[in-house]
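Engineer: Each chain, written out:
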Amino acid sequence: LEWNVSTWGKRRAFTEHLEKLAELVSEKTGGDFTLNISYGGLSKNRENLDGISIGAFEMAQFCAGYHRDKNRSLTVLELPFLGVNTLEEEVAVSNAVYAHPAVQDEMAQWNARLLMTSPMPQYNLVGTGEPRDELSEFEGMRVRATGGIGQAFEAVGAVPTSMTATEVYNAMESGVIDTAAFAQHAHLSFGTINRADWWTANLNPGTVNCPIVVNVDAYEALTDDQRAALDSSVDEAIAHYLANYGELLKRWDSVLEEKKVEKVVLSDEVLAEFRAKAADPARDQWIEEMSAQGLPAQELYDLVMSTLEQTRAGN
Amino acid sequence: MDTIEIGLWVTGGLLVLVVAGMRVAFAAGLAGLVGLVLVFWAKRDFGAEHLGWALTVAIKTAGQVPHSKVASQALSLIPTFILIGYLAYYAGLTRALFEAAKRWIAWVPGGLAVSTVFATAGFAAVSGASVATSAVFARIAIPEMLAAGYNKRFAAGVVAAGGTLASLIPPSAILVIYAIIVEQDVGKLLLAGFIPGAFSALIYGLLIVGIAMVFKSVGPPITGFTWRERLVSLPPALPIVFVVVIIICFVYNPFGGDAWGTPTEGGALGAFVVFCMALWRGMRWAELKSALLETAKLTVMIFTIIWGVLVYVRFLGFADLPGAFSDWLTGLEMSPMLILICILLAYAVLGMFMDAIGMLLLTLPVVYPAVMALNGGEFVTAADSTFGMSGTMCAIWFGILVVKMAEFCLITPPIGLNCFVVAGVRPDLSVQDVFRGVTPFFIADGVTIALLVAFPGIVLYLPRLAG
Amino acid sequence: MAGHHSVLEDDSLLSRLDRRLLGLERVLALLSGLAVFSLMLLAVRSVGGRVTLNAPLPGYVDWIEQAMPLIAFMGIAYVQRDGGHIRMDILIGRLRGRALWLAELVSVLLMLALMVAMVWGSWAHFLRSFDFAAPLWSRDSTIDIGLPIWPAKLLAPIAFSVLCLRLLLQAWGYGRAFVTGATAPVAVPLIQDAAAQAAAEAEQLEGQD
Ligand code: NA
Ligand code: NA
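Residue numbers (the numbering used here), protein chains in the order written: chain A, 2 to 316; chain B, 2 to 468; chain C, 31 to 239.
Quick caveat, the hints were computed from the structure, so don't treat them as lab data.
Misleading hints may appear alongside valid ones.
[Said to hold, decoys possible] Calculated cross-link-like contacts (lysine-lysine; reagent style DSS-like; alpha-carbon spacing at most 25 angstroms):
| id | chain 1 | residue 1 | chain 2 | residue 2 |
| --- | --- | --- | --- | --- |
| 1 | A | K278 | A | K260 |
| 2 | A | K264 | A | K278 |
| 3 | A | K251 | A | K21 |
| 4 | A | K45 | B | K44 |
| 5 | A | K11 | A | K264 |
| 6 | B | K44 | A | K29 |
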């Protein structure tokens, strides 16, 4: 049995858990069940849920922020300034939300079953010019940030500017934008770090949530052995992902040093101010809108918060 | 049947449909759809009861492609570039360019012919389509060359060949299409076209001067323009300069400092400049409407091919044929450079019979990964590569080479569209006359392509500057 | 190759339907042209706003992506009416009479089969993005400012349906020509030889140099 897996781009830290999963599943079933990972040949990244729904492939990766209306309940994980600080915390909150029946119901509409997450670090800013570490300095700042993070910056007077990721380097070079919000690996691969004077180490404005899903029919058609091989490999795949990403984050620090990029650490007062102005209204609005559509929005949000507390307490 | 076998059968079927005269976009779409059905059905071992399922999944998969592939910011450059070209007619830019070129450079041997080549190169900077460029210059430049005593066939050949410059020098619809298929940065590719385009024009110019010096009868120099006359000829051609500057500066600022914006914005602003110029020169709603309709027609034609072929490419993704082809090619016991030259020669042969855009769209999904594999992979560094350039640079270099090949095919018999158009504009010229007149330019193109292969720096100088 | 073909007209029902449909096709094509024009204005607004007021157009990319299907699909039947979609007519151009009409008929029927499937497939694609129960009926939205995508996705099945109508008319036209053995049938694009074709292309540019 071979499953087609649809993701995009090239093999990178963001897809290491898929690669590991493929390796483990094949190993455990003695090559009886294999995953064939395709980097963009099977679907466009924003249509991976459609492909799962059709049954064109059996497993896929996607990001909730690419199409908020396709996965409203998942967007709780993309609210700005949730307070998630590490990848381990990101895994914990994702798992909790994925286990919620409302989320599973919404995915079932796409004939999809959530398998695991692809924890992404916070979208901290890389910027040119003088470092911005006071709230007032965000006024008029042109930032490439989409969706909720873009709105959060807008709330403190910044100007979110729209462009595709591949145009960001160019836009930064041309002064079309002053700052860009990305995860570290994207700052590296899109080259924004090469234009940077500073990077916000602890702003942690939010991130995207990118689950791996499987087609329900295909999952149910697996033999017990195959299903066991798949399910039992998830934790190990995630552990591999975290270890691998950890290496990348170490490299990030050395790149910052090498390029003489200043690490901007915002004070607790500034962060609190930021949250009050940008995060709280966004959260209230999200809860109101999603509740109006019949989603248990408050419950989902509380779930994220309580999971976060438990994770921290556990450490 | 395994998926590779399905891939080969369906690809063979596609070629049969295309040769038999089915419209390329739809032949590719149909082949892709049938291929998808087979691939999905094969997953269920061709069980009769699973055919309905395979059909449904295939149709729904194919049905995603048109919207999902077409709704892209990068592709928005194509209609913008086409619109620039049509607006340029109404702005009277062609005549102005030819007049300026004549007054400034017609004093060299073969003067009017050289002027024609450089005026077409200038017009190329606002026109994305080769055929249109030839058609316009056939009407403006040929009568003047004939009046100056030029050989009729030679004059026609100059115009047919000059038109091909439009697709190398940005804006260029065909370069955008290449960038989309191979998923490379459009801005860098457009930038890369400048020097090879200008270089081609230079080689054409040198060839003409050489011919004019050997055969005195070909065309005498034209002298006697005063500096005042020369300067007066410049202002009407100015919008061209604006467009060139805008497009370059929106990709990479050669004056030092920051670029001005993104290529998408640059293309659209270039169109706006020409639009204002056309308004000023008297364009009104009737003319604008026909410019828009013509733009829509050409655009939809190109986009239909794009999504049709991409349905086929989606099928290739499921069949994994490009991977198999590139494994085969890289396994050959031949030097990679020889393989590359064979690929270019294959394009020359194919291009004798096929349209440029259709040819690129049909072949690149398979050929491009193979060429990248030859060089050592998409992410190879210059030091580890076969051709001495990084994966990104190889993609740009190969792009310019195939586009130059595709343009070459516009002037080769039996189907050289530029030659047909020139003969169509001039009732006194047969298609055979034009083909005969354009023959010397095969040599020029051969030399250009050989130099671009031997010295990739000509192509890669600007993209490297842009980082 | 890119073709400019001529379509003959007379008083028959087929020809009248052909012209009726042409009216609709031309309107749709003009819509597509106007959408190209709007791309230009969008860029002017975006750059202008950024330079003068530090206020770029919010969701510039989203708006472009919404406009592209309008540009890319709406003229598809208009182009087919004149036989403008690219093909290689090196072989089919040598056929004459019934053999030619049969070849054209087969070709058109194959296109029709594909397009019926594409109408179904693109309609299903639209349906997945559409939800009566949701705000703005949206179950799929753009990445930045969250515009509903279903209107743009709906354009594909609409334009493809018009193309299916056009292909039906052409199948009728070629079929009738095959049966009657007509030399110059109405309502279908007729292949011109290369010279006539080039002359037509040139004529189109007449008076604009
Ligand atoms: Na051009
Ligand atoms: Na040719």
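Engineer: Looking back at the hints listed earlier, which ones does the structure fail to meet?
Structural biologist: 1, 5
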